[in-house]
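Build out the structure end to end from the sequences listed, making use of the hints.
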Amino acid sequence: MSAPTSKGTALITGASTGIGAVYADRLAKRGYDLILVARSLENLSEVAARLKSTGRRIETIAADLTKAEDVRSIAERLRTDPAITALVNNAGLGSAGKLLDANIDDLESMIYLNVTALTRLALAALPAFVARKNGLLINIASVVALAPDLLNGTYSGTKAYVVNFTQALKNELDGTGVTVQAVLPGATATPFWAKAGRPVEDLPSEIVMTAEDMVDASLAGLDQHELVTIPALPDSADWEKYDAARKALGPNLSHQKPAARYGIQG
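Heads up, the sequence shown is in the numbering used here, so the first residue is 159 and it goes up one at a time.
It should be emphasised that the hints constitute simulated quantities derived from the structure, not laboratory data. As the structure is a prediction and not an experimental result, all values here were calculated from the model. By construction, the Cβ of each residue, glycine as well, lies at the ideal position given by its N, Cα and C atoms. Just to be clear, a hint being listed does not mean it is correct.
Think about it this way: if two alpha-carbon atoms lie no more than 20 Å apart in a straight line, the pair counts; the simulated EDC-like pairs of lysine to aspartate or glutamate are [stated by the list, open to error]:
1) Lys187 with Glu234
2) Lys210 with Glu370
3) Lys187 with Glu330
4) Lys210 with Glu200
5) Lys187 with Asp374
6) Lys165 with Asp239
7) Lys405 with Glu359
8) Lys256 with Glu330
If you anchor each label on the Cβ, the simulated ranges turn out as follows [to be verified]:
9) Glu204 with Leu411: 30 to 36 Å
10) Ser412 with Glu227: 38 to 44 Å
11) Arg208 with Ala289: 30 to 36 Å
12) Asp239 with Lys399: 28 to 34 Å
13) Ala417 with Leu361: 24 to 30 Å
14) Asp371 with Ala305: 19 to 25 Å
15) Gly335 with Pro392: 30 to 36 Å
16) Pro349 with Thr274: 19 to 25 Å
17) Asp381 with Pro416: 36 to 42 Å
18) Pro349 with Lys225: 46 to 52 Å
What follows is the structure, encoded as structure tokens:
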């Protein structure tokens, strides 16, 4: 059986396990060839072997995106490979511990991966997407972007950045033919939690979604032209109200005089 006509190539970071590996499966089945990026070449090879039956071309690249030289290498590939039509910025680190107990070097690596690497890769890919009037950027954030009181405040801050960054890109990219999406997973059954210091088995089962369901819902949201997709949120109107309230603050966030409640005369 021949493979369907290619939609181009999707580069997926953090593709060796969990959410990234499921995106690889789903995008291959949607007609994308793949470039899979993660630290473990062995795990990437296992993912590629499982996807061989899709008939898509699959390339694996071992890269540690907490290292600037590896980020620059992947960014250069995104800038120069005309076959790449989609980028899934999925690689990320988390921390479930208290901020005052955290290792600052670990937090710095998390910030670099979740913010700097994601930004560099997105901005490496987008100019070519815009020039071709076609492209897809999916940035994986988290529901804790909306809840800094959950988990580690540094982690939630990095994910809030991802949401803000994606929303800003949407404003700049309107009319270019390029699609952007921010995905905000809740607790998802992946190795991420163990690495963050809190095994997923310790979480209430009723709040944990499978990676397969999470990605399938996210792609359904993409098909529905959602800018922000929250797979577990029962009523999308709740997000729309939240976002509308945020926008309503805009006209009152900057004035010549302080607010009257502060009692400052003059």
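Structure-based check of each hint:
1. Lys187 with Glu234: It is violated: about 27 Å lies between the C-alpha atoms, which goes past 20 Å.
2. Lys210 with Glu370: Judged against 20 Å, a Cα distance of about 19 Å means the pair holds.
3. Lys187 with Glu330: Roughly 30 Å between the alpha carbons, so the hint for lysine 187 and glutamate 330 is violated.
4. Lys210 with Glu200: Within the cut-off at roughly 15 Å; holds.
5. Lys187 with Asp374: holds, 12 Å
6. Lys165 with Asp239: Answer holds: lysine 165 to aspartate 239 is near 14 Å, not above 20 Å.
7. Lys405 with Glu359: violated, 38 Å
8. Lys256 with Glu330: It is violated: about 37 Å lies between the C-alpha atoms, which goes past 20 Å.
9. Glu204 with Leu411: 30 to 36 Å: Given range 30 to 36 Å: violated, Cβ gap about 49 Å.
10. Ser412 with Glu227: 38 to 44 Å: At roughly 41 Å between Cβ atoms, glutamate 227 and serine 412 fall inside 38 to 44 Å, so the hint holds.
11. Arg208 with Ala289: 30 to 36 Å: Given a distance of about 34 Å, which is inside 30 to 36 Å, the answer is holds.
12. Asp239 with Lys399: 28 to 34 Å: Given about 41 Å between the Cβ atoms, the range is violated.
13. Ala417 with Leu361: 24 to 30 Å: violated, 41 Å
14. Asp371 with Ala305: 19 to 25 Å: holds, 21 Å
15. Gly335 with Pro392: 30 to 36 Å: holds, 32 Å
16. Pro349 with Thr274: 19 to 25 Å: Distance hint for proline 349, threonine 274 holds at roughly 23 Å.
17. Asp381 with Pro416: 36 to 42 Å: violated, 47 Å
18. Pro349 with Lys225: 46 to 52 Å: At 20 Å between Cβs, range violated.
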